[in-house]
Amino acid sequence: GIQVEQSPPDLILQEGANSTLRCNFSDSVNNLQWFHQNPWGQLINLFYIPSGTKQNGRLSATTVATERYSLLYISSSQTTDSGVYFCAPPTGGGNKLTFGTGTQLKVEL
Amino acid sequence: KAGVTQTPRYLIKTRGQQVTLSCSPISGHRSVSWYQQTPGQGLQFLFEYFSETQRNKGNFPGRFSGRQFSNSRSEMNVSTLELGDSALYLCASSLRSYNEQFFGPGTRLTVL
Numbered sequence: 001g002i003q004v005e006q007s008p009p010d011l012i013l014q015e016g017a018n019s020t021l022r023c024n025f026s027d028s029v030n031n032l033q034w035f036h037q038n039p040w041g042q043l044i045n046l047f048y049i050p051s052g053t054k055q056n057g058r059l060s061a062t063t064v065a066t067e068r069y070s071l072l073y074i075s076s077s078q079t080t081d082s083g084v085y086f087c088a089p090p091t092g093g094g095n096k097l098t099f100g101t102g103t104q105l106k107v108e109l
Numbered sequence: 110k111a112g113v114t115q116t117p118r119y120l121i122k123t124r125g126q127q128v129t130l131s132c133s134p135i136s137g138h139r140s141v142s143w144y145q146q147t148p149g150q151g152l153q154f155l156f157e158y159f160s161e162t163q164r165n166k167g168n169f170p171g172r173f174s175g176r177q178f179s180n181s182r183s184e185m186n187v188s189t190l191e192l193g194d195s196a197l198y199l200c201a202s203s204l205r206s207y208n209e210q211f212f213g214p215g216t217r218l219t220v221l
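Chains A and B are the protein sequences, given in the same order.
Mapping of the first sequence onto this note's numbering: position 105 corresponds to residue 105, and the numbering continues sequentially without gaps.
Each number in this note's numbering corresponds to the 1-based position in the second sequence with 109 added.
These aren't lab readings, by the way, just hints derived from the structure by calculation.
Hints should not be assumed to be uniformly reliable.
Chain A is faced by these chain B residues, among others (derived, beta-carbon under 8 angstroms) [to be verified]:
1. Gly137
2. Pro148
3. Leu152
4. Gln163
5. Phe169
6. Leu197
7. Leu199
8. Tyr207
9. Glu209
10. Phe211
11. Thr219
All C-beta atoms, glycine included, are put in the ideal place defined by N, C-alpha and C.
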């Protein structure tokens, strides 16, 4: 099956700093989702991005499907951005998502 | 529009018991998927239901089963619980295939 790798695994930032999270996948995908998991475990939708670039406030995402990677940009980070960020393309037909191992982000004052 | 809801939110069971978890999708969504999250294995797909039919199944033993009702609500059942079944169980709903999925808050199951 498809392999999804995320980097870096851990990231510590000072509030106000920018960061780039990367998601590599081993096979072609039709689309990809980015999620933020909060401390209570809820997965919050960030982006649904088959290809190209999308922006939502301080966050933006770019997927280059032909090169099998996606990037999540966080600008002017805030402490509320802390948590785990996952990318997940659908694989194997239907709505089966394959999750990466995530990037654990901690934003400090 | 209300989001995905899951009940119960927390559950404590003992080995050998069985458990049923419930998921109500976003109104109008016909696809419900279930995932298990553990520290060791991460987020893993259990199964997907669409219009009351199981459409896809992950690599889990037969102790894990599910169903979907005509109103798209779904339940998953785990029989003969093992310590390793302790996990956060998440369900997601989607309008149709290859569409954006939305997750519920999860059910945290502890097996003692």
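query = With 8 angstroms as the cut and Cβ atoms as the points, is Phe211/B at the interface with chain A?
reply = holds (6 angstroms)
inquiry  = Hint Thr219/B vs chain A: min CB-CB distance below 8 angstroms?
reply    = Violated, because the Cβ-Cβ distance from Thr219/B to chain A comes to roughly 13 angstroms (cut-off 8 angstroms).
request  = Would you settle whether the hint for Tyr207/B is holds or violated, based on the nearest Cβ-Cβ distance to chain A being less than 8 angstroms?
outcome  = Check passed: Cβ of Tyr207/B comes within 5 angstroms of chain A, closer than 8 angstroms.
task = With a cut-off of 8 angstroms on the beta carbons, see whether Gly137/B makes it to chain A.
result = At 15 angstroms from the nearest chain A Cβ, Gly137/B fails the 8 angstroms test, so the hint is violated.
ask   = Hint check: is the beta carbon of Gln163/B less than 8 angstroms from a beta carbon of chain A?
value = With a closest approach of 10 angstroms, the Gln163/B hint is violated.
Restraint outcome when Pro148/B is required to lie within 8 angstroms of chain A by C-beta distance = Violated. Min distance 11 angstroms.
Hint check: 8 angstroms Cβ-Cβ cutoff, Leu152/B to chain A = Interface hint status for Leu152/B: holds (4 angstroms vs cutoff 8 angstroms).
task = Closer than 8 angstroms between Cβ atoms is the bar; does Phe169/B clear it against chain A? Give me holds or violated.
result = violated (13 angstroms)
query = Was the hint right that Leu197/B lines chain A, CB cutoff 8 angstroms?
reply = OK, holds: Leu197/B within 8 angstroms of chain A, min 5 angstroms.
ask   = Does the interface hint hold: is Leu199/B within less than 8 angstroms of chain A, judged Cβ to Cβ?
value = holds (7 angstroms)
message = Given a cut of 8 angstroms on the nearest C-beta pair, is the interface hint for Glu209/B held or broken against chain A?
response = holds (4 angstroms)
Going down the numbered hints, you'll see the structure goes against 1, 2, 4, 5 and 11, while the others check out.
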